[in-house]
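Peer 1: Here the protein sequences line up with chains A and B, keeping their order.
Here the working numbering is used: position 480 in the first sequence is 480, and no number is missing along the way.
Here the working numbering is used: position 56 in the second sequence is 1056, and no number is missing along the way.
Hint data in this document are derived by calculation from the structure and do not stem from the laboratory.
Just so you know, not all the hints are guaranteed correct.
Said to hold, decoys possible - With a cut-off of at most 20 Å between alpha-carbon atoms, the simulated EDC-like pairs for lysine to aspartate or glutamate come out as follows: (1) A/Lys55 with B/Glu1119; (2) A/Lys81 with A/Glu137; (3) A/Lys47 with B/Asp1124; (4) A/Lys571 with A/Glu553; (5) A/Lys628 with A/Asp666; (6) A/Lys106 with A/Asp127; (7) A/Lys607 with A/Asp12; (8) A/Lys427 with A/Asp460; (9) A/Lys254 with A/Asp231; (10) A/Lys302 with A/Asp127; (11) A/Lys47 with B/Glu1136; (12) A/Lys160 with A/Glu102; (13) B/Lys1057 with A/Asp120; (14) A/Lys47 with A/Glu505; (15) A/Lys361 with A/Asp412; (16) A/Lys149 with A/Glu505; (17) A/Lys47 with B/Glu1119; (18) A/Lys628 with B/Asp1124.
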Amino acid sequence: MKEKIRVGFEGDFQFKEIEIAAGDPAPWDPSQKFSVLGGRVPRLDGKVKATGEAKYPSDVRLPGMLYARILRCPYAAATVKSIDLVPGRTSPGVKAALALAEPGEKMRFAGQEVAAVAADTPERADDAIRAIKVVYEPRPFVVGIDAAKKPDAPLVFEGKAETKSSAGEVESRAKSLPRNGNVLGPRSTVRGNVEDGFRKADKVVETTYTTQVQTHTALETHGLMAHWEGDELTVYASTQGIFIMRDELAESLKIPVAKVRVLTEYMGGGFGAKFGPRVEGVAAARLAKMAGAPVRLFLERKEEQTATGNRPSSVQTIKLGATKDGKLTAMQLTVYGTGGTNGGTGTSGPIKNVYACENLKVEEYDVFTNAGPSTAMRAPGHPQGAFALEAAMDELALALGMDPLELRLKNDPSAVRREQFRVGAEKIGWKDRDARRKTNDPEVFRGVGFGAAVWYNTGDTGPRATVHIHRDGSTEVEHGGQDLGTGARTMIAIVAAEELGVPLENVSVSMGDTRLPFGPDSGGSAMTPSTAPTIRRAAYQAKLGLAKAIAREWKVAPESVSVANGRVKGKGDSKLDVSWAEACKLLPSQGVSATAERADNHEDAWKRFTTGAQFAEVLVDTATGKVKVERVVAIHDCGVPINVLTTESQIQGGVLQGVSYALYEDRVLDRGSGRMLNPNVEQYKIAGALDCPQIDVTLVSVWDGINNTNSVGIGEPSTVPTAAAIGNAVSHALGARITKIPITPEVVFAAIQSGPGGRS
Amino acid sequence: MSDDELKSGFTRRDLVRGTLVGAIAVGAGTKVVAAETGAIGPGPVPLELKINGTVQKLSVEPRVTLVSALRDRLGMTGTKSVCGRGACGSCTVLIDGKAVCSCLTLAHEVGGREITTIEGLAADGRLSAVQQAFIEADALQCGYCTSGMIMSCKVLLDSNPKPNRDQIRAAVAGNLCRCGTYPHVFDAMERVSGVRTAESAPEGPDPRRLPADRDAFRDDPRVAAAILEVLADEEGLA
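The shape of chain B in the complex, shown without the other chains:
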C-alpha cells in the first residue's frame, strides 16, 4: 500500500469500487473525490441535504440511499421504507417538487436540491388540506403507506387543484396500501378538490336505526318509547 493510500484511508481498488455519481452530487465539502473519474467513497463522504427548507449536514457512504439518510442518519422517520425497489411508493418524497422514490435515490445524488418530506407538509404546525382530509375521511388504517400516499396526492394537487376520480386513481396508482384505504383516499381527495364536502359525503347507513317492522314491538314499552323518540327526531320535533 502506498503512502498516499494510507493517508486517504482507502485503497485505489476501493476507490474504483466506489459509486459513480453525477457532478451535482459532489457538492461543497466533498473531499473524497477521484479527480479522473468523479467517483467518491467508498467510505463516508460529507454531504449537505436541503430538507424542508433546512440544510442538514451529514457524512454517509456513497451507496447510502436517500431514504436511509433520512431515516437512519437524520431520524426523519415519517418517510417509510417498504419494498426497497421503487415498487410501492411508501418512500415517496419530492425533489424540486417532483415525486421520487427515495429508496431508489442515492443521498449523494440530491445534495443541494430541494427535498420535501411528509414532515414538511404541515406549515407552522397547521395541517395541509390533504392531511386534514385524510384524517376526516379515515384514509389511513395502519398508516404505513400514508406518508407516501399523501406526498403523491400533494404532487397531483400542486398541478391540478380539482382532480377527478380517474386522475386521483392515477396519481396514487404507484402507492400500495395493504389495509385497503384506497376508497377513503379517493373520498379524502374529493373533499380537498371540493367535489365532495364533509357535509355532502354520503353517510354510511345508520346501523342504530330501529326495526323496519315497528309494529312487531309495540308490546314492549321500552321499544314503544324509543320509537316515539325516533319519530320525533325524524319529524324534527325532538
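For reference, chain A alone in the conformation it holds in the complex:
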C-alpha cells in the first residue's frame, strides 16, 4: 500500500511516498503525540543491577560445576612440538583436559590458545594449567607495523592468511587482494580523478596521522557456562549475539542447531568483541562433555586484553585539495593498519561519507603482525578515520586562511549535520575560542576543536517478536535479542506500550534466549532499528487482534473498533467505550497473540547516514604536557529517540570512550618478546571519574521514514568524532598540529617542538 509520509528534521520536512507492507503500521508522523516513547524512562533492569541480583552469565553457578582455564602460548611466534596433557589431567581436582593446538601447529601471537582444563575450583584449574608440558620451537616474529612492512620481515603467515574461528573477518570475500610479505592490499576506492582535482586546487595539504591499538576492555570478560543434558547443550554466554553463538557452537561441535540453547539475560559489555563462541566457548562445551559436568570458562583480565580482539592501529596519509573559496577538489587517503593476525584495518568510512568531493582515492592496506587479532570495535575504522580527516580539514582551513567551521559548512552535504555544527559551535563558544586560549596560568592553554560523526541506519530484516495480550490486561513481549547494557529491554517495552496504548508497567519483556523469536545481534548500532520496528509491528497486529475480538463481542465491524490510550471504543456508539482492562476481560482464555517479522526498510537504509558533531574544549599544560578535557558538546541524530535517558547515557559512554582513546589507551607490545606489557587496567589506562569532562548531549530528531519507528542506533556514531575533536582542540591550544593519538605528554611536547609557532 502506498502512503505519503513526512520525513526530515526540525525545520526541514518533506512529503515522501513510500510502499508500506501489509500488516505494518506507517512510520510515526512528526506530529505524533507520544505517551511514553521519547521520554526519560529509567531502565527496567536498573533495580536488579543496583542490588546485585542480576545474574550475568559469569554469575551463573550450577550444581557440580567445574572451573576451566586456558593455557596460552608465551611466544609471539612458535611451532608447537609436543603437548603433554597428562600432568594437567592428573593434577588434583581436574576432571577434563583438552589440547587446543596440535603438534606442528604454528602459534602466531603471544597469548594464543594451546590447551584447556576443567577442575573443581578455580585455583586447582590454575595449578593444572601450570602442570601441562608444552615444547615449543620459537620462530622469528615481528610486532611493529613498520618492521612488519620491510621485505625481509619474518612472515606472520607463510601461506594464506588464516585466523581461528570467530576472531574476526580476514579477507574471505570473493575478490582476493594482493599480498606482499606481511602486507595485504590495497582495497581501493576511486571516485573521479584525484590528479585532476589536486591540479584544480589552490591549496593542498598532506600529513600522516597515526593511531594506536585500542582494546575493548569490557568489564565482564569473554566466556560462558556450558551445561549438557543428554545431547542438548545449554550455554549462559556473555555475548552480543546469542543466535550467532548458537549457530557457531552447533557447527563447531557438529550437533544440530536445535540442540543448542543460548541464554544471555544480562551481560557486562561487549563493544564489538563478543560475537560467536570463539576458542574458549567451544573449549568450555567440549570440556563439559568430557567431564560430564557443567563447565564455566570465563577469561582472566590479561587474557581478555591480549587475545579477544582490538581496534587496529593506523598510519594514515591524507592529502586534501581545495579552491581558495574552500571547495574541496580532491581527497586522498592511504592507510596501513595492523590488526595483528587479522585484517580489516581500513579507516575510510569518514573520508568517503562525510564531506562531498567528486575526486576521491583511497588505498587501504592490512599489515599482519605477531599480535592478538583485531575484531570489530565500536564503529570499526571510524574514530581513527575521523581523527585523521578532521585534523586534515583543520590544516586545510589554516592553509586557506579560513574558519575551520566555515570550511565544513561549505563541504558538508548533510543539512542535518550542518545544523548540528551550528548548534555545537554556539554551545561551545566557537566564535571567541581564540580569545579564550590564554588562561590565568601562563603555561596552560585552552583549545576548542570539533569533528563530524557519520554512521549508517543499519536496521535490517530478520527479527521476529511475539506480543501477547492476556485477559487480565497484562501484556508480554517475547523477543530473542540480548541487552548488552544499552537499554534494549526498556526500549522494547516502551515501543510495545506506546503502540498498545498501555502504561509501561503493563508490559513484561522476555529476551536473551534462543528459544524466543529471532533477534538481531547487538552490533553495528543495529539493535534498535532492527528490533523496535519488529516490536511495533507485532504490537500493532496484537492490537488489531484485540479490536477484532472485541468487535465480535459487540457484534460490530472490526474496523469500527479502535484501541488507543488505554481505551477500546466502537465508532458511533458512545456506549461502546471501555477501559483496556475491561476490554481484555472479554477475550477468550487464550487472550490475543501476534507474531510478526520485521518489514523491509522503505529505502536503502545504509545510504541514510546517521550524523553527529562533537565539540571539545581542553586545557593543555605546556609545562607537564598533560591534557584535560573540560567539556564535550555532543549533538547527534538518533532518528526519533525511544528513550531519551538511556540514549543520553549511551552518548556519554561513546564520548568517554573517545576521550579515553584520544588521551590514554595504548596496547604496548614488547619488541623483545612480543608479549603485551599492559594486559591489565592499571597500565592500560581507561578514563576514570577524574578524567570525565562535562558532557552536554543534544539530540536532533530525524524522521527518516525508513522503518515504522524512525529509529536508528546511537552506540557507534557517539564515539566516532570524539578523538578528532580533542585532537583539534589540543592543536588549537598549542598552535601546533597533533598528528598522533593517544595524546600523551610526549606527543604534546613533540607537537610544541615541531609545530609552526606562529599559529596563535
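Use these hints to put chain B onto chain A, whose structure you have.
Peer 2: Here is chain B on its own, set in the frame of chain A:
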C-alpha cells in the same frame, strides 16, 4: 612420608608453602595450623565469614580470595571480579565499614570481621537511597561496575552525607566503568545529597519539539493541528 604427615593429609613441604596469615584469620574451628609459624593450609581450612550480619561457614584453601569465596563458594555474585589486581574497584566490599578490594583480600584474613556486600544494602527489600538514585539517574548501563561503584558511594555518604561533585569524583576515582556512566553517577549522588532533586534535574532537550520554523508547515493541516496543540500545552491551555 611420616605417619604424622599421612594423618594430616599434607606434607611438611606443603605446609611451608601454605599461606601465612595473621592471627585473626586463624579463627575458631581452624584445625590445620602450624604452631610454630602460624601458617595454615595448603588444603581447605574451615572458616566463618560474617557477611551482611549473617555468619557463613565454609572451608577454603588459604589462597582463596574473598571475592572468590563470595562468588564461587557462597554464590553471592553481586560482587564482581574484573581485573583481579585491585585496579578497577568492581569487587569493592566493606570490611568493618571500610572499602576494600575483595580480589586483594584473602578470605581467611577477614574471618570474624563485619563484611558488607552489595546484597546487604537493601534493608528488608527496601532499596538504599543511593541504589534508588542510581536507577532514577540511569547511573548504570551494562551494570558490571555498578556494585562496586555503589559501595564506594555508600562509604562516602556514610562519612559525608552532602558531598560536593569533587568529593564524589574522588570517591569513585577507583571504580572503572567502560560504558561511561560517570556523568550519571555524579547526577545520582547529587540527588542523594540533595544538591539535585529529580524535579530540578536538568532535563535533556525535548527531541519531540516541533520545527522551530513553524510557518514553513502551516500548509500541512496535520502540522497546523499539532502546532495548535503544542501552543495550547505551552500556554497551559491543554
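Peer 1: Now tell me, hint by hint, if it's right for this structure.
Peer 2: Status of each hint after checking the structure:
1. A/Lys55 with B/Glu1119: holds (13 Å)
2. A/Lys81 with A/Glu137: Holds: A/Lys81 and A/Glu137 sit about 7 Å apart, inside 20 Å.
3. A/Lys47 with B/Asp1124: holds (15 Å)
4. A/Lys571 with A/Glu553: holds (14 Å)
5. A/Lys628 with A/Asp666: holds (18 Å)
6. A/Lys106 with A/Asp127: violated (25 Å)
7. A/Lys607 with A/Asp12: holds (19 Å)
8. A/Lys427 with A/Asp460: violated (35 Å)
9. A/Lys254 with A/Asp231: Holds, at about 11 Å.
10. A/Lys302 with A/Asp127: holds (17 Å)
11. A/Lys47 with B/Glu1136: Holds. A/Lys47 to B/Glu1136 sits at ~10 Å (cutoff 20 Å).
12. A/Lys160 with A/Glu102: Roughly 19 Å between the alpha carbons, so the hint for A/Lys160 and A/Glu102 holds.
13. B/Lys1057 with A/Asp120: holds (19 Å)
14. A/Lys47 with A/Glu505: holds (14 Å)
15. A/Lys361 with A/Asp412: holds (18 Å)
16. A/Lys149 with A/Glu505: violated (59 Å)
17. A/Lys47 with B/Glu1119: holds (12 Å)
18. A/Lys628 with B/Asp1124: At roughly 44 Å apart (the allowed maximum being 20 Å), B/Asp1124 and A/Lys628 break the hint.
The earlier numbered hints that this structure contradicts are 6, 8, 16 and 18.
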